[in-house]
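The listed protein sequences correspond, in order, to chains A and B. When we follow my numbering, the leftmost residue of the first sequence carries the number 1, and every step to the right adds one. When we follow my numbering, the leftmost residue of the second sequence carries the number 1, and every step to the right adds one.
Hint data in this document are derived by calculation from the structure and do not stem from the laboratory. It is possible that some hints are incorrect.
[Unchecked claim] With beta-carbon atoms standing in for the labels, derived distance ranges: (1) A:R303 to B:T381: 40 to 46 angstroms; (2) A:E440 to B:A300: 29 to 35 angstroms; (3) B:A300 to A:L268: 22 to 28 angstroms; (4) B:Q389 to A:D293: 37 to 43 angstroms; (5) A:R303 to B:A300: 40 to 46 angstroms; (6) B:Q389 to A:T217: 37 to 43 angstroms; (7) B:A348 to A:L268: 21 to 27 angstroms; (8) B:E396 to A:R432: 48 to 54 angstroms; (9) B:R361 to A:E89: 56 to 62 angstroms.
[Stated by the list, open to error] To spell it out: a stretch of chain B is covered by chain A in this simulated footprint if at least three of its residues, at any positions, have a beta carbon under 8 angstroms from a beta carbon of chain A; those stretches are: (10) 200-208; (11) 224-235.
[As the list claims (entries may be wrong)] Quick partial rundown of chain A residues pointing at chain B, CB under 8 angstroms, derived from the structure: (12) D20; (13) A174; (14) T188; (15) T231; (16) T314.
We put the CB at the ideal spot given by N, CA and C, even for glycine.
There are 2 protein chains.
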Amino acid sequence: MNAPDLRLPVDVPSTALFTDHYELTMLQAALRAGTAGRRSVFEVFTRRLPEGRRYGVVAGTGRVLDAVENFRFDEGVLGFLHERGVVDEPTLGCLSEYRFTGDIWGYPEGEVYFPGSPILRVEGSFAECVLLETVILSILNHDSAIAAAASRMSSAAGDRPLIEMGARRTHELAAVAASRAAYVGGFTSTSDLAAGFRYGIPTVGTSAHAFTLLHDTERDAFEAQVACLGTGTTLLVDTYDVAEAVRTAVEVAGPELGAVRIDSGDLLLVAHRVRQQLDELGAKRTRIVVTSDLDEYAIASLRAAPVDAYGVGTQLVTGSGHPTCSMVYKLVARAESTDPAAPLIPVAKKATGGKTSIGGRKWAARRLDEEGVAEAEVIGTGPVPAGLQDRQLLVELVKGGSVVAREPLDVVRDRHFEARDRLPLSATQLSRGEPVIPTEYV
Amino acid sequence: MNAPDLRLPVDVPSTALFTDHYELTMLQAALRAGTAGRRSVFEVFTRRLPEGRRYGVVAGTGRVLDAVENFRFDEGVLGFLHERGVVDEPTLGCLSEYRFTGDIWGYPEGEVYFPGSPILRVEGSFAECVLLETVILSILNHDSAIAAAASRMSSAAGDRPLIEMGARRTHELAAVAASRAAYVGGFTSTSDLAAGFRYGIPTVGTSAHAFTLLHDTERDAFEAQVACLGTGTTLLVDTYDVAEAVRTAVEVAGPELGAVRIDSGDLLLVAHRVRQQLDELGAKRTRIVVTSDLDEYAIASLRAAPVDAYGVGTQLVTGSGHPTCSMVYKLVARAESTDPAAPLIPVAKKATGGKTSIGGRKWAARRLDEEGVAEAEVIGTGPVPAGLQDRQLLVELVKGGSVVAREPLDVVRDRHFEARDRLPLSATQLSRGEPVIPTEYV
Chain A
1 MNAPDLRLPV DVPSTALFTD HYELTMLQAA LRAGTAGRRS VFEVFTRRLP
51 EGRRYGVVAG TGRVLDAVEN FRFDEGVLGF LHERGVVDEP TLGCLSEYRF
101 TGDIWGYPEG EVYFPGSPIL RVEGSFAECV LLETVILSIL NHDSAIAAAA
151 SRMSSAAGDR PLIEMGARRT HELAAVAASR AAYVGGFTST SDLAAGFRYG
201 IPTVGTSAHA FTLLHDTERD AFEAQVACLG TGTTLLVDTY DVAEAVRTAV
251 EVAGPELGAV RIDSGDLLLV AHRVRQQLDE LGAKRTRIVV TSDLDEYAIA
301 SLRAAPVDAY GVGTQLVTGS GHPTCSMVYK LVARAESTDP AAPLIPVAKK
351 ATGGKTSIGG RKWAARRLDE EGVAEAEVIG TGPVPAGLQD RQLLVELVKG
401 GSVVAREPLD VVRDRHFEAR DRLPLSATQL SRGEPVIPTE YV
Chain B
1 MNAPDLRLPV DVPSTALFTD HYELTMLQAA LRAGTAGRRS VFEVFTRRLP
51 EGRRYGVVAG TGRVLDAVEN FRFDEGVLGF LHERGVVDEP TLGCLSEYRF
101 TGDIWGYPEG EVYFPGSPIL RVEGSFAECV LLETVILSIL NHDSAIAAAA
151 SRMSSAAGDR PLIEMGARRT HELAAVAASR AAYVGGFTST SDLAAGFRYG
201 IPTVGTSAHA FTLLHDTERD AFEAQVACLG TGTTLLVDTY DVAEAVRTAV
251 EVAGPELGAV RIDSGDLLLV AHRVRQQLDE LGAKRTRIVV TSDLDEYAIA
301 SLRAAPVDAY GVGTQLVTGS GHPTCSMVYK LVARAESTDP AAPLIPVAKK
351 ATGGKTSIGG RKWAARRLDE EGVAEAEVIG TGPVPAGLQD RQLLVELVKG
401 GSVVAREPLD VVRDRHFEAR DRLPLSATQL SRGEPVIPTE YV
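Let the sequences and hints guide you as you build the complete structure.
See the structure below:
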């Protein structure tokens with residue numbers, strides 16, 4: 001695979017190095033012990049939501065599918081593993097032929113989740129499943145954290161558009177995934193060109209303070225921008241004095257000026273003043289964009305302010321206080337032997353002191369009340385009760401090693417809105433609380 | 001550039017897309033206004049440290065140099081910008097020839113920093129400098145946040161080794177940069193194979209609970225691991241009952257067992273019990289590795305416990321509560337005209353309500369007291385006082401577009417230890433406080 005095929009801003013010849021050392025040593029030991037071929041079921045789930053959060057958002061599934069497809073050990077990687085003595089020759093031989101041939105089921109991307117939800121289920125030989133732990137968790141833990149924050153922000157923003165502009169606050173490639181996850185959670189556009197290139201997310205932006213400071217006067221800067229980008233552009237009005245800048249902006253662009261951007265100060269107060277001034281100047285349709293250290297609470301507090309769009313950076317890409325999820329990838333069942341017909345045995349860590357989990361391959365369903373509102377996340381290992389058959393959450397993503405469920409990002413985003421809309425109303429309260437529906441095990 | 005050249009786990013044909021849309025529209029407007037060629041000075045600095053932190057750690061500089069060198073607009077990128085109408089034809093022409101030809105000075109990587117420290121200074125035409133904002137900030141904000149957390153953890157750990165194992169908790173490529181930054185901050189090794197491949201950081205790891213659960217008994221699993229990885233391996237002892245596992249481990253591997261790993265429970269209590277049990281079993285040299293949700297406070301609280309190494313994941317890769325820094329990239333001076341001889345004029349945003357900055361190209365020096373301990377970060381725009389001439393902090397990194405200051409990661413790591421050692425002792429207190437030395441402007 002190379003960049004043109006995947007439309008990535010970087011080539012990804014292989015995702016096989018996004019792997020923890022111990023996955024390869026486990027493979028080596030299992031190969032030698034004759035247990036590597038035992039059919040195994042791994043599940044991704046989280047024991048809890050981040051403190052105070054009412055629901056989680058599954059994001060990154062599409063990226064997981066890409067990563068699994070491109071998980072190959074090429075010569076460069078094998079040479080490195082050999083040179084550093086990470087694994088022995090028989091294991092290198094096994095890795096050189098590695099290709100995931102199993103099945104993956106999971107919550108569809110954009111769906112909401114709760115503690116215990118089996119977000120992803122990976123089945124195949126122990127050898128092929130164990131190696132995927134790190135790359136799958138990296139993607140889901142990062143992307144779901146960003147999508148959860150984005151979802152809270154988009155609830156708070158209502159119909160007003162949200163611009164993702166956090167690339168400068170996170171790793172340059174994490175930023176691209178963050179834009180994608182933000183879009184899933186309800187954002188409208190991004191400042192990040194790589195996210196536009198890779199995922200087709202609309203990109204926006206006009207100018208920074210540096211552009212005003214480059215010019216001899218603020219008027220010169222506004223004239224240069226309007227001459228080039230048209231009167232529909234967005235002028236940044238807080239480099240010097242806001243009131244003077246707004247006056248100059250309308251003088252330069254006329255009342256058809258597209259928007260002004262405010263990036264500092266008391267946004268509530270300034271937005272009201274600027275709206276009044278714009279109206280008085282006849283620029284009644286000129287929009288106001290605010291972009292200063294916003295989070296979901298600041299967005300909510302500006303609900304009554306004359307604000308037309310929000311730009312969000314730091315708090316979005318850092319998950320608004322929760323930059324990662326606590327998803328884990330656990331072996332929940334494995335065959336008694338390498339015989340393909342051997343039955344699966346549920347397994348689970350049992351030590352006292354926490355981190356226990358429930359063994360067995362799970363199904364999950366969301367039970368709705370009579371009005372169609374979610375009332376419980378039901379998880380079980382036995383047969384699915386008749387009333388929940390058509391409320392099951394897991395869908396087939398990979399079948400016999402082939403991806404069977406690619407979908408456009410807009411479908412994922414719409415699914416998120418739909419899933420969120422079916423939660424009890426208190427789901428979108430920003431205040432801290434328990435998961436909005438309980439998890440029931442049957 | 002391709003993967004073998006850069007030894008990256010992914011090919012980076014270009015870093016030019018790690019750019020915010022507005023940098024290109026500013027370029028377009030400046031080209032049209034005839035101001036794009038004005039000589040400009042941009043500086044990276046932060047107005048404050050994360051709340052309660054005593055010092056910051058510069059990390060990512062080496063990655064910035066790679067990014068600047070690979071900042072090129074190839075046909076695929078230009079085609080995208082054209083198709084989406086991001087910029088006009090003359091601007092595309094300018095981008096197609098883009099190559100940074102200016103100068104970059106900065107704090108050497110591993111150095112500590114304080115509010116206002118001019119961590120990086122980028123000089124050249126406005127056109128060439130303005131485009132680098134996002135990629136430079138992405139790298140420095142991410143990597144410095146991780147290095148700062150790592151530095152606090154390595155202070156707390158003293159001589160005991162620290163293993164970075166957070167790949168699963170952050171974006172798969174952010175993880176590679178996080179391993180690098182953790183090493184700069186004092187970590188010893190990583191679980192992440194991509195970090196070993198790219199940066200030569202030692203990789204470690206043996207087994208997870210899944211390996212024990214794969215086998216019919218814990219003894220089977222331990223026997224399989226020891227048969228394959230030798231008695232020097234690390235056995236994970238908390239899948240079922242810890243005391244029983246320790247007994248089995250020593251029976252299987254003998255008293256020469258390398259280490260046991262504890263990944264759950266009350267680590268202080270369990271470590272003491274396990275040490276006592278190992279000693280009683282004659283395994284006096286068997287080490288104890290602990291790896292459960294550690295941060296710098298947990299590491300410090302285990303100082304008196306019989307622990308030989310720490311594995312740190314989530315809290316490391318999320319910056320222990322501060323996953324990003326607040327570094328900004330600001331135009332601080334620019335020429336009056338495009339005449340190469342035109343003098344530079346200091347510029348700065350002046351609006352009320354915060355986010356102001358100090359104009360002018362800056363120098364920085366760290367003043368030491370008579371015992372050689374740092375007592376102030378001194379920053380100025382005029383001539384450097386005689387007494388501070390040889391305490392200056394900025395070094396030349398890029399000269400006329402060519403990188404002149406590549407260095408091995410071990411040099412960077414040693415520099416960090418040295419810089420930290422010169423701070424007042426209270427720098428390494430974990431409790432919240434003010435920056436350990438004041439910033440003085442002259």
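**Request:** Report the numbers of all earlier hints that the structure fails to satisfy, in ascending order.
**Result:** Structure breaks hints 2, 3, 14 and 15.
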